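Spelled out from the first residue to the last, the chains are:
Protein chains: 2
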Amino acid sequence: MSLLVVGSVAYDTVKTPTSQREDALGGSATFFSIASSYFTHVSIVAVIGEDFSSSDLEVFNVHKIDISGIEKKRGKTFRWSGLYTSEDLNTRTTLDTQLNVFADFTPKLNSTHIKTPYLFLANIDPSLQWYVLKNMQKRPKLVALDTMNFWIDGKKDELTRIIKCVDVLFIDENEVRSFTGENNLMKAAQIIMKLGPRTLVIKRGEHGVVMFNEAQIFSAPALILENLVDTTGAGDSFAGGFMGYIAATGNLSNQNFRRATIMGSVMGSLAVEGFSVDKLRNLTLHDVENRFKLFEQLTQFNFLSQNESIPWRTHTNHS
Amino acid sequence: MSLLVVGSVAYDTVKTPTSQREDALGGSATFFSIASSYFTHVSIVAVIGEDFSSSDLEVFNVHKIDISGIEKKRGKTFRWSGLYTSEDLNTRTTLDTQLNVFADFTPKLNSTHIKTPYLFLANIDPSLQWYVLKNMQKRPKLVALDTMNFWIDGKKDELTRIIKCVDVLFIDENEVRSFTGENNLMKAAQIIMKLGPRTLVIKRGEHGVVMFNEAQIFSAPALILENLVDTTGAGDSFAGGFMGYIAATGNLSNQNFRRATIMGSVMGSLAVEGFSVDKLRNLTLHDVENRFKLFEQLTQFNFLSQNESIPWRTHTNHS
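Just so you know, the sequences run in chain order A and B.
Numbering of the first sequence is given in the numbering used here, commencing with residue 57 and proceeding in unit increments.
Numbering of the second sequence is given in the numbering used here, commencing with residue 57 and proceeding in unit increments.
Note that these hints are calculated values from the structure, not bench results.
This structure is a prediction, so every number in the text was calculated from the model and none was measured.
A hint or two may mislead.
Put simply, identical chains are the same to the list, so a pair is met inside one copy or across any two.
Stated by the list, open to error - Taking lysine-lysine pairs in the DSSO-like style, the calculated list, with each CA pair at most 27 Å apart, reads:
hint: 1; residue 1: 349; residue 2: 243
hint: 2; residue 1: 349; residue 2: 171
hint: 3; residue 1: 71; residue 2: 243
hint: 4; residue 1: 243; residue 2: 335
hint: 5; residue 1: 164; residue 2: 250
hint: 6; residue 1: 71; residue 2: 190
hint: 7; residue 1: 194; residue 2: 120
hint: 8; residue 1: 335; residue 2: 250
hint: 9; residue 1: 335; residue 2: 220
hint: 10; residue 1: 71; residue 2: 335
hint: 11; residue 1: 190; residue 2: 164
hint: 12; residue 1: 220; residue 2: 250
Using the sequences provided together with the hints, build the complete structure.
Here you go:
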């Protein structure tokens, strides 16, 4: 089943403690669409400038991503520049943001886009996220949304309005605290889910992901990676793996959401092993299967079966 | 099989953002021995002062903990006072430490102690940890050690000497970085394991635990707790559940170490739901089984079986 993403396509300049890269292909819709393209048909709605190179556009074509919704406008492509200050690439500072053609972005949805059954509203202005959802021909089977502190701080009302209408919210650990004003993660999750989303995926960087889905909680660890190159786009690659897997299987059960969470972790963990989309764009089924198995090995333990019991000292006697 | 712990028995004064408690039963050997006592026979070697109350001593007796190694000396019991500054009880400040009788603690090992097959060297001066290990009649089947930044900063050589001789090292995420001088957790783990330990259990607080065991890595999440009361002793309760389970089963396989890691997480997560040992001392098999099942539910996902495959768009063709 097909998947629609509305978000940014950008050129990123990234500095890490050991390396740097200028004007590399980036943006939320870029990472998301490439990650999901391995599993399902994906269409992208975004805007680029006149300076956007044809070889970068070819990256989408190679992945059979529908780019009919990428509008080319006069001016320059959205540019972001960031500096990772610690070796674990967990803390970053934005050095520069040039919105350029993204400044007055209005998503252009064609007649195919508006019928798409799976929709991902990447991290953009919540008013635009609202606009996209309201212009779908009918309510998609599953709507997911990502956001960031910038919108929590600056457009809380608009953000709350759209969060109330989505099925899945992807959000960082600190963002969920600042959005709800609640430090306890369990209580914060309950506040969000009362607003509307049935599923809440809290991203914790190097500590993995926690998914609240209806009454269940699922915790997926992060791999301990030896060669972390660039964490830019990790969250969008995660969301791409998650939503791509859900759209490909068409299965909205809790068990499938758990597997989707692992598939998201697989794509996120592969993405950060290269700058920009260098690694993400060159994956094979073999890479993804092996990474999925690593997550199995990382988390698997023998459950208690009915014939097995915990060794317990029955003579323990409490006063 | 029996288990020996050498560590501290203390009175703790703990302040959290919402509550406080004075002179409550604490100390590494206390939390460890109570947690492990549910699974196996445990002996404790420690020192207390004349002010130690008989009702607190009774807590050990009720759990059938052998306290013949608890020496009562002239003076006051070791006292620690700490303030948790954040609601998630992850960051704390030590307000006061009074070593008292602990200042010149020399472990007194009797003829039974030195034959114990499972040994836990709780967080004390590495010279004392060394002394205990060297005075065992023969090398125990499994020796585990806990430490803290205080010894990493102040007695690195002595600490390194004892770490080289143990099988299992329990250590905090930040401590493993400061001990090795390596920020990358995978590389830091390799440095530690080259020194000697076959097993390294890295404690990450609210983010759970990662266990490196020979060539395998196991990641156990923390539960998302709604009612966190006091995280003092969480690490020792974890170690108690881990070592108690290993000693009770006598099984040193990788699979059993994984289950021991979950059992440690079970005991740690129960301990922090009460002040001091309030909750830890009153557990039933039912409590522990239910908590173990929560960890199963939290982490379980359908693995890829041989008949199942990842939905993959085979027409994806890389240039």
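Violating hint indices (sorted, rising): The structure breaks hints 2, 5, 6, 8 and 9; every other hint is satisfied.
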